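Asks: Numbering (this note's numbering), first residue to last: 13 to 266.
These aren't lab readings, by the way, just hints derived from the structure by calculation. Check each hint, because a few of them may be wrong.
As the list claims (entries may be wrong) - Listed below are the simulated DSS-like cross-link pairs for lysine-lysine, each with C-alpha atoms no more than 30 Å apart in a straight line:
(1) LYS236 x LYS132
(2) LYS236 x LYS218
(3) LYS136 x LYS172
(4) LYS91 x LYS136
(5) LYS132 x LYS163
(6) LYS215 x LYS172
(7) LYS91 x LYS163
This one's a predicted model, so the numbers in the text were calculated from it and none came from an experiment.
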Amino acid sequence: MDPFEALPCEMRLRVLESACTWRQAVNLSHASPALLHTRVAFSASLKARCRQNEVDSIISMFPSDLLRDALAVVTFPTKEALRVKHRILKSLDLSDLDHRRRLEEERDGYLSSIREHLDKWAAKTLTYPLDDDERNRAILQGLRRLFMQLKRYMDDYITKATSPDSTFAYSRLPRWSCRHLSEHRRPSEQGETASMNPIDTSKLSKTERYRLLKAFLRFELYSKLLSSGIWDVLIEQATGTSECENRAECLPCW
13 MDPFEALPCE
23 MRLRVLESAC
33 TWRQAVNLSH
43 ASPALLHTRV
53 AFSASLKARC
63 RQNEVDSIIS
73 MFPSDLLRDA
83 LAVVTFPTKE
93 ALRVKHRILK
103 SLDLSDLDHR
113 RRLEEERDGY
123 LSSIREHLDK
133 WAAKTLTYPL
143 DDDERNRAIL
153 QGLRRLFMQL
163 KRYMDDYITK
173 ATSPDSTFAY
183 SRLPRWSCRH
193 LSEHRRPSEQ
203 GETASMNPID
213 TSKLSKTERY
223 RLLKAFLRFE
233 LYSKLLSSGI
243 WDVLIEQATG
253 TSECENRAEC
263 LPCW
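Required output: the full structure, derived from the provided sequences and hints.
Replies: This is the structure in structure tokens:
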């Protein structure tokens, strides 16, 4: 007997709407013919509701003011288009001078896109991925992956920072950093790792979690600036010189 058959249609719809994603709603409907019939009948509204649930759950991972930093990291212009154009130019029959000139133009365009991205970040005009399209779905998944990655880093950092034996703690890599470590770790090493008492940052206070997440997000963003090649450009604009003893202090604060 199907226990959901006795429920009114509105209640069955509420059950399906409680799913965080459309995939979860589909899985729920497989447990009951009544739920399946309801899902088919109200698929359009259910998809919209599940989409909103998914957006809310991902965005809630970051405090409202840190979501801007997270979006800046996830949507940071990549070098992939620049690499593709570089390969295309190398395949063309161009002189060395033409080749260098074209590459410089492409690099300048890439740096300009980064400046525009940073200006949007500073002006708080980066748009939230609310519309249901392919690009926004990719941004949402990028936000989810970013949060899970940063949580791993924060858990490892706070565990080692509070360890009574810092020398031992910092000499050990976390198992998730390399699959080889977890697959080939000796029993004695597993016991040593367990003795470190791993700390879950989700158990910290709201203020402590906020401070950690903000620091790791800014570090992630600054790392992208450094690897993109625009760091030195920003330093030169801020200081009037390309030389700077302390790059962190020379970087302008937005």
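Asks: For each hint, tell me whether it holds in the structure or not.
Replies: Right, here's what the structure says about each hint:
no.: 1; hint: LYS236 x LYS132; result: 16 Å, holds
no.: 2; hint: LYS236 x LYS218; result: 27 Å, holds
no.: 3; hint: LYS136 x LYS172; result: 35 Å, violated
no.: 4; hint: LYS91 x LYS136; result: 24 Å, holds
no.: 5; hint: LYS132 x LYS163; result: 26 Å, holds
no.: 6; hint: LYS215 x LYS172; result: 16 Å, holds
no.: 7; hint: LYS91 x LYS163; result: 26 Å, holds
Hint compliance for this structure: hint 3 is the single one not met.
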